[in-house]
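> Here is how the chains run, residue by residue.
There are 2 protein chains.
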Amino acid sequence: MDLVKEVLKGNPRAVAKAISLVENNGKDAQQLMKKIFPHTGKSVIVGITGSPGSGKSTLVDQMVEYLRKDKRKIGIVAVDPTSPFSGGAILGDRIRMMRHSLDAEVFIRSMATRGHLGGLAKATGEAIAVFEAAGKDMILVETVGVGQDEVEVVKLADVILVILIPGAGDDIQVFKAGIMEIADIFIINKADAPGADKMENQLRAMLELGMKDREIPPVVKTIATEGQGTELLIEEVQKFISKKSPEFRAQRKRRLLYWMLMDIIKDKIYDRISQSIEESDFDEYIERIYQRKTDPYSVAEEIIGIFKGKS
Amino acid sequence: MDLVKEVLKGNPRAVAKAISLVENNGKDAQQLMKKIFPHTGKSVIVGITGSPGSGKSTLVDQMVEYLRKDKRKIGIVAVDPTSPFSGGAILGDRIRMMRHSLDAEVFIRSMATRGHLGGLAKATGEAIAVFEAAGKDMILVETVGVGQDEVEVVKLADVILVILIPGAGDDIQVFKAGIMEIADIFIINKADAPGADKMENQLRAMLELGMKDREIPPVVKTIATEGQGTELLIEEVQKFISKKSPEFRAQRKRRLLYWMLMDIIKDKIYDRISQSIEESDFDEYIERIYQRKTDPYSVAEEIIGIFKGKS
Numbered sequence: 001m002d003l004v005k006e007v008l009k010g011n012p013r014a015v016a017k018a019i020s021l022v023e024n025n026g027k028d029a030q031q032l033m034k035k036i037f038p039h040t041g042k043s044v045i046v047g048i049t050g051s052p053g054s055g056k057s058t059l060v061d062q063m064v065e066y067l068r069k070d071k072r073k074i075g076i077v078a079v080d081p082t083s084p085f086s087g088g089a090i091l092g093d094r095i096r097m098m099r100h101s102l103d104a105e106v107f108i109r110s111m112a113t114r115g116h117l118g119g120l121a122k123a124t125g126e127a128i129a130v131f132e133a134a135g136k137d138m139i140l141v142e143t144v145g146v147g148q149d150e151v152e153v154v155k156l157a158d159v160i161l162v163i164l165i166p167g168a169g170d171d172i173q174v175f176k177a178g179i180m181e182i183a184d185i186f187i188i189n190k191a192d193a194p195g196a197d198k199m200e201n202q203l204r205a206m207l208e209l210g211m212k213d214r215e216i217p218p219v220v221k222t223i224a225t226e227g228q229g230t231e232l233l234i235e236e237v238q239k240f241i242s243k244k245s246p247e248f249r250a251q252r253k254r255r256l257l258y259w260m261l262m263d264i265i266k267d268k269i270y271d272r273i274s275q276s277i278e279e280s281d282f283d284e285y286i287e288r289i290y291q292r293k294t295d296p297y298s299v300a301e302e303i304i305g306i307f308k309g310k311s
Numbered sequence: 001m002d003l004v005k006e007v008l009k010g011n012p013r014a015v016a017k018a019i020s021l022v023e024n025n026g027k028d029a030q031q032l033m034k035k036i037f038p039h040t041g042k043s044v045i046v047g048i049t050g051s052p053g054s055g056k057s058t059l060v061d062q063m064v065e066y067l068r069k070d071k072r073k074i075g076i077v078a079v080d081p082t083s084p085f086s087g088g089a090i091l092g093d094r095i096r097m098m099r100h101s102l103d104a105e106v107f108i109r110s111m112a113t114r115g116h117l118g119g120l121a122k123a124t125g126e127a128i129a130v131f132e133a134a135g136k137d138m139i140l141v142e143t144v145g146v147g148q149d150e151v152e153v154v155k156l157a158d159v160i161l162v163i164l165i166p167g168a169g170d171d172i173q174v175f176k177a178g179i180m181e182i183a184d185i186f187i188i189n190k191a192d193a194p195g196a197d198k199m200e201n202q203l204r205a206m207l208e209l210g211m212k213d214r215e216i217p218p219v220v221k222t223i224a225t226e227g228q229g230t231e232l233l234i235e236e237v238q239k240f241i242s243k244k245s246p247e248f249r250a251q252r253k254r255r256l257l258y259w260m261l262m263d264i265i266k267d268k269i270y271d272r273i274s275q276s277i278e279e280s281d282f283d284e285y286i287e288r289i290y291q292r293k294t295d296p297y298s299v300a301e302e303i304i305g306i307f308k309g310k311s
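Residue numbers (the numbering used here), protein chains in the order written: chain A, 1 to 311; chain B, 1 to 311.
These are computed hints drawn from the structure, not numbers from a lab. All residues carry an ideal CB built from backbone N, CA and C; glycine is no exception. Worth double-checking, as some hints may not be accurate.
[Said to hold, decoys possible] Straight-line alpha carbon distances no greater than 25 Å define the calculated DSS-like cross-link-like pairs of lysine-lysine that follow:
1) 293/B <-> 35/A
2) 293/A <-> 34/B
3) 293/A <-> 27/B
4) 308/A <-> 268/B
5) 293/A <-> 5/B
6) 293/B <-> 27/A
7) 253/A <-> 293/B
8) 308/A <-> 34/B
9) 27/B <-> 308/A
10) 27/A <-> 308/B
11) 268/B <-> 268/A
12) 268/A <-> 293/B
13) 293/A <-> 268/B
14) 35/B <-> 293/A
15) 293/A <-> 253/B
16) 308/B <-> 268/A
[As the list claims (entries may be wrong)] Simulated coverage check for chain B against chain A, where a stretch passes if three residues somewhere in it have a Cβ under 8 Å from a Cβ of chain A:
17) 21–34
18) 40–54
19) 218–226
20) 243–254
21) 257–266
22) 278–290
[Claimed, not checked] Every beta carbon over 10 Å from chain B, so not counted as near; a handful from chain A, in silico:
23) 135
24) 137
25) 197
26) 248
27) 253
28) 303
Kindly produce the complete structure, drawing on both the sequences and the hints.
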């Protein structure tokens, strides 16, 4: 089949194949991405972040459920494929999400750890691009709110949702510094748990104190396990999107493209360095650094020199 | 003062200054690092990871307390400067840690988010190097067990501790896939909480099932808030270190050097690209990508071409 054509038609098998190709990150992937790219940029990207255990996946599932009633086409990028240790809560979430996997218009991509060099912005940007080309109306990017790159990625969405949960040990309510400041909409999930009202008051007080220069973001209470609050949440998301100027959205999309470009440059340079230097030579460099006969800074300069010398 | 000489003497003010320099990541920093590097590689590096709320900082504090009775010189690298939202638990931890900040032989570096391009391996490796040059016996690297890069960093330690906590919502017990497999020692913290024994049994059963090909890691129960279990934990750490062959340790140290080198190369290339391309030209590239007149893959190739063309 003509893969690009089928992706553009929204053929689920083609989308799956395109995403596999992109995950493997070979030459074919780049050819595909170049062809797909002109057809991207039109979906609404919703970033959703919260601590582990805040109910992100369940909430995403409920949002999908609701949006599907409206026949909206959905792509999901799950950036934090965490592994459950005890108990099946997360496993349960994944299974709940999978009920939508029989629905051809809902597509979930769990982002595998791509190692240190892949670049999360590139991987996320490419998954988003495939979904956009396939005509998804809305793309939900779900990330955990604690890792460095994970937070950077969610900042590139059109609208950023930050999930909090009441009580249950205050120390769980911990985010990467700066994440409270980037929320466009706050969600208090598990709103039936003790302390939810108290928490809402605290949050509102904090926002009123802290956000003197800009509008206070809305706070939506949800009980994701029962689907309560989802409708209101979607309304707030749509309100936010329609309220913002096209320039505001363009600005965020440019940031995503910027980070994606930088990741692609680094990726390409890494590939070429790997090609221009033999693995045995590389091991030799590391061994000399390990023995303190040289240092990584000098070696880096040497390797860049070799890279620049070759075509 | 002669900064390198004073760092090598372990002068706390010099160490502080060196770390500030390295954080600012300028030309001076690299000169300093080149001079410091030959004096590194001798400390024991302990990686400690666990979910937010698992008591990492309190445990690290207790370990420091214990090790200081033995006059051991300690460096701490805190890779996850999370910001507390409600409640002061984490703030409390930081303050508890600060009681050691009056102790000249204990040095804490909180790793600021260095943006998308800094490289966590480089930043961590440099902080470790300064501490090693300053003669620290043991360097504790504390990271949250959920972010992608954060997990990569902890894997580079000589010994890896993974903290679990009993009960309290099983879904908090969530790690980046693969982290259970890299633990050299497991810690069940908050061991006085309900479900601790059940959890220990579950963990041991899981380890016996899963680790057929290698030795089962020890499981240590702690109550970090009361200092219970710290002594046993330190003993297990020392047992692990002395049991492993020098080649095993060398292997891990080479991995740290490898990732650090790759980060330095990327950092240098990024610097040079920023220098060889005008910011306005860069904005122009992004704008053309945004308007879908081109794609990031083609632009990346163009930019690498420009970079290779200039000296």
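> So, for every hint listed, does it hold in this structure?
Results for each hint:
1. Straight-line distance between C-alpha atoms of residue 293/B and residue 35/A comes to about 12 Å, which keeps the hinted pair within the 25 Å bound.
2. Distance check on the hinted pair: residue 293/A and residue 34/B sit about 11 Å apart at the alpha-carbon level, within 25 Å; holds.
3. Proximity of residue 293/A to residue 27/B is assessed by CA-CA distance (about 22 Å); at most 25 Å being required, the pair is judged to hold.
4. Straight-line distance between C-alpha atoms of residue 308/A and residue 268/B comes to about 13 Å, which keeps the hinted pair within the 25 Å bound.
5. Of the supplied pair hints, the one linking residue 293/A and residue 5/B holds, its CA atoms being roughly 19 Å apart against a limit of 25 Å.
6. A hinted pair counts as satisfied when its Cα atoms are at most 25 Å apart, and residue 293/B with residue 27/A qualifies at roughly 22 Å.
7. At most 25 Å may separate the alpha-carbon atoms for a hinted pair to count; residue 253/A and residue 293/B meet this at roughly 15 Å.
8. Our distance criterion of 25 Å between C-alpha atoms is met by residue 308/A and residue 34/B, whose separation comes to about 23 Å.
9. Using a Cα cut-off of 25 Å, the hinted pair residue 27/B and residue 308/A holds, with the two alpha carbons roughly 21 Å apart.
10. Between residue 27/A and residue 308/B the alpha-carbon distance is near 21 Å, which keeps this suggested pair within the 25 Å criterion.
11. At roughly 15 Å between alpha-carbon atoms, residue 268/B and residue 268/A fall within 25 Å of each other, so this suggested pair holds.
12. Taking the CA atoms of residue 268/A and residue 293/B, the gap is about 21 Å. The hint holds against a cut of 25 Å.
13. About 21 Å separates the Cα atoms of residue 293/A and residue 268/B, which keeps this hinted pair within 25 Å; it holds.
14. Among the hinted pairs, residue 35/B with residue 293/A is consistent with the structure: their alpha-carbon atoms are about 12 Å apart, no more than 25 Å.
15. Taken as a hint, the residue 293/A and residue 253/B pair is honoured in the structure, with Cα atoms around 15 Å apart against an allowance of 25 Å.
16. The straight-line distance between the Cα atoms of residue 308/B and residue 268/A is roughly 13 Å, inside the 25 Å bound, and the hint therefore holds.
17. With a threshold of 8 Å between beta carbons, the proposed coverage of the stretch 21–34 of chain B by chain A holds, since 3 of its residues qualify and at least three are required.
18. Under a criterion of three residues with beta carbons nearer than 8 Å to beta carbons of chain A, the stated coverage of the stretch 40–54 of chain B is upheld, 5 such residues being counted.
19. For the stretch 218–226 of chain B, the proposed coverage by chain A is not satisfied: 0 residues have a C-beta within less than 8 Å of a C-beta in that chain, short of the threshold of three.
20. Coverage of the stretch 243–254 of chain B by chain A holds. Counting CB-CB distances below 8 Å, 3 residues qualify, and the rule asks for three or more.
21. With 9 residues having a beta carbon nearer than 8 Å to a beta carbon of chain A, the stretch 257–266 of chain B meets the requirement of three or more and the stated coverage holds.
22. Using a Cβ-Cβ cut-off of 8 Å, 5 residues of the stretch 278–290 of chain B lie near chain A, which meets the minimum of three, so the contact claim holds.
23. No Cβ of chain B approaches the Cβ of residue 135/A within 10 Å, the least distance being about 16 Å, so the stated non-interface status holds.
24. Listed as outside the interface, residue 137/A is consistent with that label: its C-beta sits roughly 19 Å from the nearest C-beta of chain B, beyond the 10 Å cut-off.
25. For residue 197/A, the non-interface assignment is confirmed: its Cβ lies about 13 Å from the closest Cβ of chain B, beyond the 10 Å cut-off.
26. Chain B leaves residue 248/A outside its interface by the beta-carbon criterion, the shortest separation being 14 Å against a cut-off of 10 Å.
27. Distance check for residue 253/A against chain B: the nearest CB is about 6 Å away, which does not clear 10 Å, and the non-interface claim fails.
28. Distance check on residue 303/A: its Cβ comes as close as 6 Å (rounded) to a Cβ of chain B, failing to clear the 10 Å threshold; non-interface status is violated.
In summary, the structure is inconsistent with hints 19, 27, 28 from the numbered list given earlier, while agreeing with the others.
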